[in-house]
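Chemist: This is what each chain is made of:
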Amino acid sequence: MQDNKTGKCVLIYEDDQEILLLCKTILLKSNYRVETSSRCENVLADIEVYKPDLILMDLWIPEIGGEKAVNIVKQNPTTRNIPVLLFSANPDIAEICAKVNADGYIEKPFDIITLRNKIEKNI
Amino acid sequence: MQNKNSDLYFLRGGGKMGELIREKDWSNTPLGEPATWPQSLRTMVGVMLDNPFGMYIAWGSEYIQLYNDGYRPILGLTKHPQALGISTQETFSEIWDIIGPMFAGVMGGKAVGFPDLMLPLNRNGFVEECFFDFSYSPIRKDNGEVGGILVTVIETTEKKKISAALTESNSRYINNILQAPVAMCIFRGKDHVVEIANEHMLRLWGKEATEVMNKPIFEGLPEAKNQGLEELIDTVFATGEKFVANERPVDLPRNGKVETTYVNFVYDALRESDGTISGIIAIAVEVTEQVEAREKTKESHELFRNTMQQAPVGITILRGEDFIAEMANDAYLHIVDKRENNFIGKPLFSILPELKQQIKPLLDKVLKTGEPFHGNEMLITLNRCDKFESCYVDTLYYPLKDDHGKITGVIASVTDVSEKVAAKKNVEEKKRLYETITQNTPDLIYVFDLQYRFTYANEALLKMWGRTWEESVGKGMIENGYETWHAEMHIKEIDQVIASKKAIRGEVSFTHATLGKRIYDYIFSPIIDQDGNVEAIAGTTRDITPLVQYREQVEESEQRFQAAIAAVQGILWTNSARGEMEGVQEAWSSLTGQSYEEYCGYGWSRALHPDDVRPTLDAWNDAVNKRKMFVFEHRVRTKDGTYKDFSVRAIPLINADGTLRKWVGVHTDITQNNKAAKTLKENEEKLTVVIEASELGTWEIDVKTKNIIASERYSEIMGLTGKNKLSLSDTVKRIHPDHIQLWEDAIKNAYETGRLFFSGQIIWEDNSSHWIEKKGKVFYDKKNNPHKIIGTTSDITQIKEQQQILSESEHKFRLLADSMPQHIWTSDPEGTLNYFNQSVMNYSGLTLEQILREGWLNIIHPDDKEENIRQWQSAIATGNDFLVEHRFLRYDGQYRWQLSRAIPQRDENGKIQMWVGTSTDIQEQKIREEKKDEFISIASHEMKTPLTTAKGYLQMLEIVLDEENEEGNLYAKKASQSVNRLNELISELLDVSKIRLGKLNYTITNFDFNEMIRTAVESVQLTSQSHTILQTGTMNGLVKGDADRLQQVVINLLTNAIKYSPDADNVQLNLEQQNDTVTVSVKDTGIGIAQQSLNKIFDKYYRVEEHAVNFQGLGVGLFISYEIIQRHDGKLWAESEPGKGSTFYFTIPLQSKMNK
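Order-wise, the sequence lines are chains A and B.
Just so it is clear: in the first sequence, position 23 is 23 by my numbering, and no numbers are missing.
Just so it is clear: in the second sequence, position 151 is 274 by my numbering, and no numbers are missing.
Calculated directly from the structure, the hints in this document are not laboratory data.
Among the hints, a few may not be true.
Claimed, not checked - Residues from chain B shown here face chain A by an in silico Cβ test under 10 Å; the list is partial:
#: 1; residue: Ile922
#: 2; residue: Asn1124
#: 3; residue: Thr1126
Backbone N, C-alpha and C fix where the C-beta goes; we use that ideal spot for every residue, glycine too.
Please put together the full structure from these sequences, using the hints given.
Modeler: Put into structure tokens, the structure is as follows:
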């Protein structure tokens, strides 16, 4: 599984530890570097630290919620080019995605192949 | 801009219209900036804006419009707000020809008024009939000129309906009187003391304020006495009925003299809050000038008419595009040969259609261009005395213009110059005529000289001979091919004409050169010279062969007629022209047994019934003399000596020469018919008897003796049977003590009005009670004293009992309804709510009167109103049940959810009599539902979190498992399937709660329908090993809608079909495209659905119960599918037979109108 995505960083925001662990496992197997956070209010600081190539953002996440966090990323000129994928069980995810200018979304529960493909396509 | 106008003192008030007027940019209107408006306009606008009544100003020569809030509804939705600041003519173009002249009159300084004008207005969400008093009065500028028109509108609708509202309105009324632009005053009390009178009124009266104020009007204005006004005003005061006078002549003081004036006025009662009348308000407009002007116009009109009538020239006045004859003088009527009453008031060309083609274009041109038309010696054709006659006329059509120069008609003068023209044309025409007629006619025309030689032969004659002019003219008859007998006959006739100087006529048959044997009719006429001698003989010959043939045909048809008569059933006979029977009359003999000797001559009459002989002979002789058809009925003695009834018809047969040939008659036996008629009459008599016996008792009261002569039935009704002699007191004794007064009033009233009516209760001797109704008429003797009352009495006990039952049941209903916690209301078939139970009052805190007056819609939440009105109108229109959820305003200001349902009550013919509605408070229920849906929404989201992990790890497991580990792979796959299924169930739950909250989202695109179906089939097929999905049909092009949601429907239908047909091995999906819709059907051969369940399967959580144990699932799939299809403007339905399977269909438009 060695290819050009080796070493690229995916930053996952997810407050459910099980899901976080699952995603991390899958992405590590695909040779991504994976950083995680269970809170989203410090998103700009996290980016500063981890320099992610893609962000996976849960919607229902403390303290300020994924929607707001994506807004912060997308409105900041230095971070706005980082691809952000929304990540939620919310049935209205498609609409929210369009509203906050996210680059895509992954519905929970997800298919591993879908997760991989979407990340690969956007990173 | 806004500030500028807001600062103007006269634009300060006025609510909504005040706002609109302030905001308007007036600089573009003919009025210009408000700051520049003339003082009188400013004042009127100020007054108008502050005025609660409808007021409207049309200013200047262009009638620029301004109006206040009160006037706005009268303009309706189509004219407001555009009307503000533009010309009246533009706003009311459709009726400008009516109001234009009226406005012009007002601009001339004359006020006009229209009391109680009805306008249908939509002010409360429905159209109602509203009544208004309109008055139009001039607004004068400082220099005294009229600058514009003030229209005041006083709504009288309420006055008609609710006297309670009058108190308030009265006080406003009075305040406005002094400012009113028309003459107004108030009389107080029964002496009509003048309480308030404005300037206009004082001017009308010709009095100073001090002369009349606070005095009874007829004391202050004695000139008005004895003109019938006292009675009028007293009546209004006593009855409260409004009195309206139009152009009533009233003698009033004018410049120190009493003069007759004409006044339009209204007397209306002023009521106190308790309804008593305390005074009268009078509104008046003097119209003397108008009336006099009209009288003068009438006089001048008369004068004109008289002059015109006597003119020797025909004159008619034609109005309008249809040329309605307004008047026509005798000379004109003589020319067109019409009577005045057939001519006046009708369109000219409906009376003289023969002139339309020729004359209408000329009149149209005069009407259009205004240029007069002169016609000299016009040849016209007129229908006179039912014949078309040509005549020559000199005409002048002159346009008639009204005061504004508009052409409204044509005055036509016509002189018949036929004789003059005829004389002039006679000479030349005679010359031409000879040539023209003789050359072109098919008749043979020729001239003989005295030597029997042809000196002229026309074309037709030459053609018949087959010879040329040169060959024939100047030669005799023999030389021209006449046979000798023929020539000799004519020579004799010519001699006769020369001798007698009279024409001779004959008929001859000979052979035509080309047409063969023909029959000719000819006339030889003498041509007399100046000395009176015959100079030549002119002949005309006409081919009458067809005529003769026709004559023969007539004879033939008569013979056929004879044969037809012979075939007629009945006794046929013929009589001579003199009316005597002769010859063999077989039928008559066999009927009567009369021999020839017996019936011949008038002998036949001896076979008639002795009583019928004289009338028969009289009628027969009359018919014979007048040669008219004989129709009669009489009895005939038949052979066996019995008499039978016969109807007789006889017709005269006329010879070709007009002489009477004979009579043909038929006797028809009508004994049977007569019997039927007699039976009918008997039945009718019986019927009358029955009616009398069952219905009405009749009676006759002698006013003096108080005796009653009455029918049997009367005694029965009154419980007086068995009494020989009845008197009035017998009747009175029966009347219930409570109703004695009624009876006495009825009698009293009868003597006054001549009519008796009494309805009341009587008590029989056995103490049983009955209701009766008496109607009668009073008859008077010669001295005009009442001497008899004749009438009827009917028993109305049953009707009264019914009424009683009805009112009791009504009472019971109200009692019941009022004790119910639910809101109950009723409406008439047109949808007007007319009853609300106590619960509605308790809930809303309003009184019944408030609800009825202000409308029940006021308590409905503004957001629910529109839908409510829509649903209610639809229920009224279709007769379907009304069912709606909406919020009502409670007395404490809280809106609470209600479920309202109304059901139509129908009579036996299915016609809706009324609607009964209930509204149930579902606020708690609603909140519980919302909480539950919210809970489901959160719970399902939470459940998805562990599900996500489970699914992820299962997939991971599948990846890491060795391919050879078949068992492990199978378990992982099964676990995955269960997780997917669980995910679907949670999604469904979420969808249901979203549908309830109306939050289900749709993503609308134009998508490939075939592709959507294909992937749905594929994904279902993947999960099913037991069934094969057979797909038929495809469609072209794209469909607009939510592809995912529609796919959800297809998948739902397919999985259901598989689930409910466990023993089958296939399900069928069919796709069909109609014009602009597509239909998908999914058919299974499974367990099917019972008929009674078919309409419930689309409900939430419904599952076919008896199978619930065998089949899993929440049963919400179809509910969601139904919702999705409905949102696509489509239809989802099912057909099924238990045990045989079901077919589910849905149809959606290719281009659904849905947006979100």
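Chemist: B:Thr1126 was flagged as interface toward chain A. Is the shortest Cβ-Cβ separation under 10 Å?
Modeler: holds, 7 Å
Chemist: Next item in the hint list is B:Ile922. Is there a CB on chain A closer than 10 Å to its CB?
Modeler: Violated. Min distance 69 Å.
Chemist: Hint check: is the beta carbon of B:Asn1124 less than 10 Å from a beta carbon of chain A?
Modeler: holds, 6 Å
Of the numbered hints listed earlier, the single one contradicted by the structure is hint 1.
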